[in-house]
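Colleague: Please build the complete structure, drawing on both the sequences and the hints.
Number of protein chains: 2
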Amino acid sequence: MPYFTLDTSSLRHWLTEHADLASRLGGNPEDWMIREVSDGNLNTVFIVAGPDGQLCCKQALPHVRVAPEWPMPLQRALYEARYMRATADAVRPAAPELYFYDEEMFLLVMECLTPHEVLRSALIRDDAQPGFSASIGQYVARSVHATSWISRPFEVGSKLLEEFSGNTALTRITVDLILTDPFRPCSRNPEAEAALLSDVTALQDNKPLHRAVGVLQDRFLTARQALLHGDLHTGSIMLHRDDVRVIDGEFATMGPIGFDCGLYLGNLALHACAAPHKQDFIRTEIIAFWSSFTNEFRALLKTGGGDVWALSDETQREELLENFLTSILQDTAGFCGLEMIRRTIGFAQVADYTLCPTPENRTQARRKALQTGQRLILDASTVQNLSDVLALLTLV
Amino acid sequence: MPYFTLDTSSLRHWLTEHADLASRLGGNPEDWMIREVSDGNLNTVFIVAGPDGQLCCKQALPHVRVAPEWPMPLQRALYEARYMRATADAVRPAAPELYFYDEEMFLLVMECLTPHEVLRSALIRDDAQPGFSASIGQYVARSVHATSWISRPFEVGSKLLEEFSGNTALTRITVDLILTDPFRPCSRNPEAEAALLSDVTALQDNKPLHRAVGVLQDRFLTARQALLHGDLHTGSIMLHRDDVRVIDGEFATMGPIGFDCGLYLGNLALHACAAPHKQDFIRTEIIAFWSSFTNEFRALLKTGGGDVWALSDETQREELLENFLTSILQDTAGFCGLEMIRRTIGFAQVADYTLCPTPENRTQARRKALQTGQRLILDASTVQNLSDVLALLTLV
Ligand SMILES: Nc1ncnc2c1ncn2[C@@H]1O[C@H](COP(=O)(O)OP(=O)(O)OP(=O)(O)O)[C@@H](O)[C@H]1O
Ligand SMILES: Nc1ncnc2c1ncn2[C@@H]1O[C@H](COP(=O)(O)OP(=O)(O)OP(=O)(O)O)[C@@H](O)[C@H]1O
Numbered sequence: 001m002p003y004f005t006l007d008t009s010s011l012r013h014w015l016t017e018h019a020d021l022a023s024r025l026g027g028n029p030e031d032w033m034i035r036e037v038s039d040g041n042l043n044t045v046f047i048v049a050g051p052d053g054q055l056c057c058k059q060a061l062p063h064v065r066v067a068p069e070w071p072m073p074l075q076r077a078l079y080e081a082r083y084m085r086a087t088a089d090a091v092r093p094a095a096p097e098l099y100f101y102d103e104e105m106f107l108l109v110m111e112c113l114t115p116h117e118v119l120r121s122a123l124i125r126d127d128a129q130p131g132f133s134a135s136i137g138q139y140v141a142r143s144v145h146a147t148s149w150i151s152r153p154f155e156v157g158s159k160l161l162e163e164f165s166g167n168t169a170l171t172r173i174t175v176d177l178i179l180t181d182p183f184r185p186c187s188r189n190p191e192a193e194a195a196l197l198s199d200v201t202a203l204q205d206n207k208p209l210h211r212a213v214g215v216l217q218d219r220f221l222t223a224r225q226a227l228l229h230g231d232l233h234t235g236s237i238m239l240h241r242d243d244v245r246v247i248d249g250e251f252a253t254m255g256p257i258g259f260d261c262g263l264y265l266g267n268l269a270l271h272a273c274a275a276p277h278k279q280d281f282i283r284t285e286i287i288a289f290w291s292s293f294t295n296e297f298r299a300l301l302k303t304g305g306g307d308v309w310a311l312s313d314e315t316q317r318e319e320l321l322e323n324f325l326t327s328i329l330q331d332t333a334g335f336c337g338l339e340m341i342r343r344t345i346g347f348a349q350v351a352d353y354t355l356c357p358t359p360e361n362r363t364q365a366r367r368k369a370l371q372t373g374q375r376l377i378l379d380a381s382t383v384q385n386l387s388d389v390l391a392l393l394t395l396v
Numbered sequence: 001m002p003y004f005t006l007d008t009s010s011l012r013h014w015l016t017e018h019a020d021l022a023s024r025l026g027g028n029p030e031d032w033m034i035r036e037v038s039d040g041n042l043n044t045v046f047i048v049a050g051p052d053g054q055l056c057c058k059q060a061l062p063h064v065r066v067a068p069e070w071p072m073p074l075q076r077a078l079y080e081a082r083y084m085r086a087t088a089d090a091v092r093p094a095a096p097e098l099y100f101y102d103e104e105m106f107l108l109v110m111e112c113l114t115p116h117e118v119l120r121s122a123l124i125r126d127d128a129q130p131g132f133s134a135s136i137g138q139y140v141a142r143s144v145h146a147t148s149w150i151s152r153p154f155e156v157g158s159k160l161l162e163e164f165s166g167n168t169a170l171t172r173i174t175v176d177l178i179l180t181d182p183f184r185p186c187s188r189n190p191e192a193e194a195a196l197l198s199d200v201t202a203l204q205d206n207k208p209l210h211r212a213v214g215v216l217q218d219r220f221l222t223a224r225q226a227l228l229h230g231d232l233h234t235g236s237i238m239l240h241r242d243d244v245r246v247i248d249g250e251f252a253t254m255g256p257i258g259f260d261c262g263l264y265l266g267n268l269a270l271h272a273c274a275a276p277h278k279q280d281f282i283r284t285e286i287i288a289f290w291s292s293f294t295n296e297f298r299a300l301l302k303t304g305g306g307d308v309w310a311l312s313d314e315t316q317r318e319e320l321l322e323n324f325l326t327s328i329l330q331d332t333a334g335f336c337g338l339e340m341i342r343r344t345i346g347f348a349q350v351a352d353y354t355l356c357p358t359p360e361n362r363t364q365a366r367r368k369a370l371q372t373g374q375r376l377i378l379d380a381s382t383v384q385n386l387s388d389v390l391a392l393l394t395l396v
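Top to bottom, those sequences are chains A and B. If you read the first sequence in the UniProt record's numbering, its first letter stands for residue 1, the second for the next number, and so on. If you read the second sequence in the UniProt record's numbering, its first letter stands for residue 1, the second for the next number, and so on.
Take the hints with a grain of salt, since some may be wrong.
Repeated chains share a single entry, so a pair holds when one copy, or any two copies, can fit it.
As the list claims (entries may be wrong) - Pairs of lysine to any residue, SDA-like flavour, derived with a Cα cap of 25 Å:
no.: 1; residue 1: LYS159; residue 2: GLU103
no.: 2; residue 1: LYS207; residue 2: LEU300
no.: 3; residue 1: LYS159; residue 2: ARG142
no.: 4; residue 1: LYS207; residue 2: LEU321
no.: 5; residue 1: LYS207; residue 2: ARG298
no.: 6; residue 1: LYS159; residue 2: LEU21
Don't read these hints as lab results, they were simulated from the structure.
Modeller: Below is the structure:
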């Protein structure tokens, strides 16, 4: 079927023609409840409910959903499907199951997460059950372990490089919106609030900062360590009680492991800036993330199996791994700083700032995020352990 | 035409059916002189001479030429053709021109280099005109500049990752024969001469060495800086007087720039081990290589143009570039050490050792290569400038 943009009625029709999927819903097509729940920037998402079950249907649009004048290749849906397939076995059940991908409609049909809520909204409503970050740490460890040179014959990673290097449209978004635009005057940056203008100007004139961002640009584009989710913010996670799931892998790319970690921690840290009374809670989540990530990664890597470090015995692998974890943490600190800045003054800002009770509080919160972000970027290479990162986040 | 292995008579016939190529030769097909000149390990190479010109025809065999029981995918010829196409504009005239690639016959037809000689043979006959290494330094700078994230929008590198990541059969050779086998007992390693056995055992028991090799394995597989030749030894270079050409790019892969530099310097250094009276000559070539590489790279990068370092002005780019060059030199030192070791005790050894007048001299030369190689690998990360590398090579 050649591509067209689905609405509730054409989706109903499309589903009737896919018996496997229709049978998951049960009942008669006319009884299915279909509602659009798109709340991201890019794609259309429908939830379809039948008597026997529900489905989540996500279709790519030929443009950015919230900016129709900005064209965006449909192909991104293919990369999301590939990411789900490449990581499913390793991370199950921490991602929704992909039931079907339609190559012509650029449509993913997946397990409907219900009554799950997006983590960012849960955090804003102060309704996330503590400890969710341990699941995310485990998720990152498992997904990167399944796809890295350290743990697999290098041919596995080469195949992934072949499969994901074409995802340039979304990587271009990362390169521009995270790694470049916030640090220069750019029409894509929304106008900053007046009280923050001098902070933004200072940041955009900060030469040592640009130097450090250059190093992170290089890390992002050259350190092809493992398959990344590529957009692991609190809006890409859904949860219900202790059932935590990662969605929205369309930015998937081979890259530095610290990129996934850094984006996640950056969004937690932003939340702490916006809601200073929750600092202890966020601090505990950050610690839970890092300890779960490192413990899981250590346990998985014990078994070896990759070409890298193939000559080393278990004792030596442990030492190499500790160094590797330190370098991942340094990347994490840097990318965490980038995310804090771009989510504060870049194209795609976060709703967490709506928590600030007054405009003055909001300005303060944003200023704190900008300052913390800069410190993290500048000092990333000096970080030796998580306490150093917490100190940079002033969450010690 | 479905694949079959060409011989002189079927090649003559094949050429008559390719008018463009036949016209470069001129005259009548029956007058063409065709001779096989294969001297590498992998492929068949023919030189075809007609009254108006000559052609070099290189065909992949379904196995290693010198080890028919070792199967090898034909596809490697495609990667050599892609490498020649991807770098031709940047390096011209330092590589032979590719006239035609036959996807079904896995056959490259290229400019015939005549009366050129393979650099390794010229060195062994003491007949290479000094200064050739400056051309190689320039070649490496130009080829990696044309294909790196530092100098090009990242989409260029992504395309190359897509095109070259499938070259796993030859990368597997690199991973095994250079990065792993020499450091462990392995049936692919030829039996070492008796006088060298204890050296080999010590090397294969050297834990700190294995740790350092692990770091280089990681660099080779994760640091995707630019498109590499991948096998830049003195047998992949042909020259006549000051006309220096690089051939045989079938190992092409995205990787760390220091890998091309290190393999080249490793082969020069091996020559100095085998012919100690030529140490000054080799020292001068190494200096010429590095200064030409760095000068050319600096000049090319002045113009910018990539996503990496996009925020930096010229002054800052210069500083970032100097750090980058130091890190390339550290990789170079490490890969140089790996190459010296694998060419001395690994599967594919070098003819340079035939220069040693007595068996004792040869043992000494090999021992020196093993010791130097180990030192380079162990101390690579301490290197700050070329003098440090020359000191490790005991060529100060
Ligand atoms: N499997 C699912 N089950 C239930 N709801 C889902 C599921 N996947 C997505 N959603 C809902 O749809 C919304 C948008 O999904 P998603 O974040 O994948 O879209 P997107 O347009 O790619 O977003 P972004 O702009 O952040 O990339 C989610 O925030 C969530 O509310
Ligand atoms: N363009 C050329 N012009 C003239 N002679 C050439 C040319 N290309 C290759 N040769 C000759 O053919 C020989 C083998 O070529 P080449 O090194 O490309 O083959 P190979 O089998 O891939 O070698 P290796 O085992 O080193 O990979 C060269 O050493 C050289 O003598």
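Colleague: For each hint, tell me whether it holds in the structure or not.
Modeller: Structure-based check of each hint:
| no. | hint | verdict |
| --- | --- | --- |
| 1 | LYS159 <-> GLU103 | both (20 Å within a copy, 21 Å between copies) |
| 2 | LYS207 <-> LEU300 | between (41 Å within a copy, 23 Å between copies) |
| 3 | LYS159 <-> ARG142 | within (18 Å within a copy, 28 Å between copies) |
| 4 | LYS207 <-> LEU321 | between (34 Å within a copy, 15 Å between copies) |
| 5 | LYS207 <-> ARG298 | between (38 Å within a copy, 21 Å between copies) |
| 6 | LYS159 <-> LEU21 | neither (30 Å within a copy, 36 Å between copies) |
In terms of the numbered hints stated before, the structure departs from hint 6 and from no other.
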